[in-house]
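Engineer: Chain residues, written in single-letter form:
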Amino acid sequence: DVKVTQSSRYLVKRTGEKVFLECVQDMDHENMFWYRQDPGLGLRLIYFSYDVKMKEKGDIPEGYSVSREKKERFSLILESASTNQTSMYLCASSLSAGATTLSYEQYFGPGTRLTVT
Amino acid sequence: KQEVTQIPAALSVPEGENLVLNCSFTDSAIYNLQWFRQDPGKGLTSLLLIQSSQREQTSGRLNASLDKSSGRSTLYIAASQPGDSATYLCAVRPGFSGGYNKLIFGAGTRLAVHP
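Chain order of the listed sequences is A and B.
Just so we're aligned, residue 1 is where the first sequence starts under this note's numbering, counting upward by one.
Just so we're aligned, residue 118 is where the second sequence starts under this note's numbering, counting upward by one.
If you are wondering where the hints come from, they were derived from the structure by calculation, not from laboratory data.
Misleading hints may appear alongside valid ones.
Said to hold, decoys possible - So the derived list for chain A, only partly shown, Cβ under 7 angstroms to chain B, looks like this: (1) 40; (2) 61; (3) 90; (4) 105; (5) 106; (6) 108.
C-beta: ideal position from N, C-alpha, C; glycine also.
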C-alpha cells in the first residue's frame with residue numbers, strides 16, 4: 001500500500017514564525033502536491049512538484065514556498081506565518097502521467113492542522 | 118476555468134437508506150473523476166476513480182457514475198450505515214494536462230447516517 005506521512009498532525013505557531021511542513025511518500029511517486037483545506041472552500045492546490053528540484057505554482061501559492069531535494073520528500077514552507085494561514089494542510093503523491101497515458105490516483109497523507117496565533 | 122460543485126452540502130439520513138450524492142463540473146474535458154471520503158480531522162481516502170471513457174465504477178455498496186457530456190457524476194451508497202458518516206469529496210482531473218495530474222475539488226457533502 002502507498003503510504004504518505006506528514007511530520008505533524010497538529011502544529012501551533014506564532015505570527016511571523018517560519019514554519020516547515022514535511023511530507024514523505026514511500027512509493028517512488030514522481031508527483032507530489034500540497035493542498036490547504038478550509039471550510040466551505042474545499043481543497044485548494046498550493047504547489048506541486050513533478051520531479052526532484054522541480055516545482056510549479058498551484059492556485060494559491062502566495063505566502064508559501066516548497067522544497068523537493070529528494071524524490072520521496074516534499075516540504076511546504078511558510079516564510080512568515082500569518083493568522084490567515086491557519087488551516088488544514090494535506091500532502092498527496094501520485095505516479096506521473098503523460099498526455100497519452102492514464103492518469104493515476106492521488107494518495108493523501110493524514111493532514112497537518114496548523115494554527116497561527 | 119474548471120469549477121466543481123457538490124450538492125447537497127450536508128445530508129442526514131436514517132440507517133438503511135439508499136442515497137445519492139451529486140457532483141457537477143463546468144468543463145467536460147476531463148481525464149477522470151475521483152471520489153474521496155474524509156473522516157473528521159483526517160486525510161482523504163480514495164473510494165472510486167472513473168476514467169473519462171467509462172460510465173461507472175463499483176466498489177462494494179458504492180457505485181459512481183459519470184456523464185461527461187453533461188458534466189455530472191453521482192455517488193450512490195446502498196443500504197447506508199452509521200460507519201458511512203463522513204465528508205465525501207469529488208475531484209476532477211483536467212483534460213489538458215499542463216495539468217501534471219492536478220485535481221480540482223468540490224467543497225464536499227457532509228453525510229450523517231443515524232442508527
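Engineer: Run every hint past the structure and note whether it holds.
Structural biologist: A quick look at each hint next to the structure:
For residue 40/A, the shortest C-beta to C-beta distance to chain B is roughly 6 angstroms, which falls under 7 angstroms, so the interface hint holds. Hint on residue 61/A is violated. Least Cβ distance to chain B is approximately 13 angstroms, over the 7 angstroms limit. About 6 angstroms separates the beta-carbon of residue 90/A from the nearest beta-carbon of chain B, less than 7 angstroms, and the hint is met. For the restraint placing residue 105/A at the interface with chain B, the shortest Cβ-Cβ distance is roughly 5 angstroms, inside the 7 angstroms limit, so the hint holds.
About 6 angstroms separates the beta-carbon of residue 106/A from the nearest beta-carbon of chain B, less than 7 angstroms, and the hint is met. Hint status for residue 108/A: holds, given a least beta-carbon distance of 4 angstroms to chain B, under 7 angstroms.
Of the numbered hints stated above, the single one contradicted by the structure is hint 2.
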